[in-house]
Amino acid sequence: MSIRTIKLEVLRYRPEQDKEPFFQTYTVPCEEEWVVLDALNHVKDEIDRTLSYRWSCHMFVCGSCGMVINGEEKLGCKAFLRDYSGTIRIEPLRNFPIERDLVIVQDDFIEKLTSVKPYLIPKEEKSIEQGTYKQTPTELKTYKQYSMCMNCLLCYSACPQYGLESEFIGPAALALAHRYNTDSRDVGRSAREDMAAAHEGVWACSFVGACSQVCPKDVDPAGAIQQLKFSSAVDYLTSYLPGGKR
Amino acid sequence: MARSAKAVPWFLFAAGGTVLAFILPVMIFVTGLAPAVGMFSGALSYDTMSGFVGNWLIKLILLGIIVLALWHAAHRLRVCAHDFGIRADTAVAWVLYSLAALGSLATIIALLRV
Amino acid sequence: MSSQAQQASMAQDGATVRRPYVRPISKTSWFMTHSRYKHYMLHEISSLFVAIYAVILIVGLFRLGSGPAAWQGWLDAVTSPIGILFSLAAFVFSIIHATAWFKAVPQAMRLMRGGEVVPGNLIIGVHYVVWAVVSLFVLILAGVA
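As they're listed, the protein sequences go chains A, B and C.
Last residue of the first sequence? That's 246 in this note's numbering, and every number before it is there in order.
Last residue of the second sequence? That's 114 in this note's numbering, and every number before it is there in order.
Last residue of the third sequence? That's 145 in this note's numbering, and every number before it is there in order.
Chain A on its own, in the form it takes in the complex (with noise of 0.2 Å):
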C-alpha cells in the first residue's frame, strides 16, 4: 500500500462566522483505495473538526455524500482518489442553498418529493388477510429502474432547469412519479397529474439530460420524465375530447 499526498481544496461556509463561503485547502496523506469520502473523514479526524459533511453507509446505496468534485456531481464514496492528481475541488451540491461546508439545505426536495404522492394508491386497498399484491416479472422491470432512486440529489445539482427555476419539482421527483404510475399494483396516475402536468412538472424540463448522465444508479430520470410528458400530453389532449375529464 503506497502512500501519497493530495490536496483537498473544500468550499467552507460557517454561517456564524463566515459572510460568505471561500475555499480552504488541506494537505492529506492517502491509501491506494481511498475514496474522497475517505480523504475528508481523515481531514476531520485528523486535521479540521469543524469541518461539515453528510455521509453514511460509504457504499454508494445510501446517497446521502452526494457533492461536486472537480465539477462533477459525485458521491464522496464513488469517487476514488486514484482517478485523480494534484488538487481535488470540493464543493456542495449545486443550487441548493448552503447550511453549512458541504451541507446543503434540502427541504425543498422533501417537500416536492411529497408532493407527488410516492406510495402505491391500488384499486382496492387489500387487508392482511386478503393476501398479497401479485406482480409478474415483466410487471416489476417496467418500472424497478425507477425504483432504484436513494435521493442522492446529484441530478438535481446538475439539472440547470432547476437551478434557473426552483419550482421545478425536479429529476427525481418525478421519476418517483413515474415509478408509481407505471407500477401495475397503482391506479394514481391521475392522481398525480395535477402535479405531473403543471409546468412546474414535467414541461419545465428540456431534456438536457445532465440529470441522468449523473445518476450513480442508472435511474435514468431523463428518460421517466420524457415518458411523463408523452402520457402527460395524451392525457391533455383526452381531457379536451367528448367523455374526456378535466
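Since the hints were made in silico from the structure, they are not lab data.
Please note: incorrect hints may appear among the correct ones.
Cut-off 35 Å, straight-line C-alpha distance, at most; resulting in silico cross-link-like pairs (DSBU-like, lysine-lysine) [stated by the list, open to error]:
| # | chain 1 | residue 1 | chain 2 | residue 2 |
| --- | --- | --- | --- | --- |
| 1 | A | K19 | C | K103 |
| 2 | A | K7 | C | K38 |
| 3 | A | K19 | A | K44 |
| 4 | A | K141 | C | K27 |
| 5 | C | K103 | A | K144 |
| 6 | C | K103 | A | K141 |
| 7 | C | K103 | A | K78 |
| 8 | C | K103 | B | K59 |
| 9 | A | K78 | C | K38 |
| 10 | A | K123 | A | K78 |
| 11 | A | K134 | A | K123 |
| 12 | C | K27 | A | K78 |
Go by the hints and put chains B and C onto chain A.
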C-alpha cells in the same frame, strides 16, 4: 397547480423532430449543397421540379415536412429563449407560434400555386 | 471562537444561527460551466437553422409557382456564396440534431419485448438504418429525375 398547455406544441415538436432527423440532412444536401457543385441539375430544373411538386401526394408530404419543421423550430426556439435568459415566456410563445402559423399558411398557399 | 462570536452565534434558545447561503447562477451563461451544457445548447440552436431552412423552402415553392425565371433566381440565391455557407452550416446542424435525437429515443420511449427492456443500442441502430435508407431513396430519386 394548473395543467400546462405546453402539451400541445410539444407533440408537434416531437413529431417534427423525428421526421426532421430522418429527412433533413438529405434534403439540405439535395437542395443546398448538391446544386452548388452542379449535381442533380436535372432534378432541380424548373420542368422536373414543377412536375414533381405538382403531384398531390408530394404536395401533402412537403406540407407535412415544412409545417412540422416550423412548429418544431418554434417550440424549440421558445425553450432556447428561456435558456438564454429571456423570461417573457408567454410573449415569446405568442410570437414564435404565430410565425409558425403564418409560415404554415404560406406553405399551403405556395403549394397550391404550383 | 471568541466569546463575542460565541454570543453572536447563539440564538435566544441556545441554538446555532442558521443563515443558508444561496450561490447565484447566471441566467445567460450557465451553459458555459460544463461541456454537457454546451453540447445541449448546440443541438438546441440547430432549430434556428431549421426555421431558416423552412423559410427558404417556402420561398422556393413560391418561386416555383411563379415561373422558370423566378425559380432560377431561387436556385441562384441558394448557390450563392452566402447560400452555400448557410447550407453547409444547416447540414452540419441537421446531423447534430439527428444524432442527438436518435440517442434520446431509447430514453424517451422505453420498449418492453418478451419481458425485457429492448436494448437502447438496438433502437438507435434501427434509426440509423432507416436514416440511411430514406437518404439513399431521396438521393436515387433526385439522381434519376
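Each hint tested on the structure:
1. A:K19 to C:K103: Distance of about 45 Å is beyond 35 Å: violated.
2. A:K7 to C:K38: holds (29 Å)
3. A:K19 to A:K44: holds (22 Å)
4. A:K141 to C:K27: Roughly 39 Å separates the two Cα atoms, so the pair is violated.
5. C:K103 to A:K144: Roughly 22 Å separates the two Cα atoms, so the pair holds.
6. C:K103 to A:K141: holds (22 Å)
7. C:K103 to A:K78: Status holds; Cα separation ~26 Å.
8. C:K103 to B:K59: holds (31 Å)
9. A:K78 to C:K38: Holds. K78 of chain A to K38 of chain C sits at ~26 Å (cutoff 35 Å).
10. A:K123 to A:K78: With a Cα-Cα distance of about 40 Å, the restraint between K123 of chain A and K78 of chain A is violated, given a limit of 35 Å.
11. A:K134 to A:K123: holds (13 Å)
12. C:K27 to A:K78: holds (31 Å)
Of the numbered hints stated above, those contradicted by the structure are hints 1, 4 and 10, listed in ascending order.
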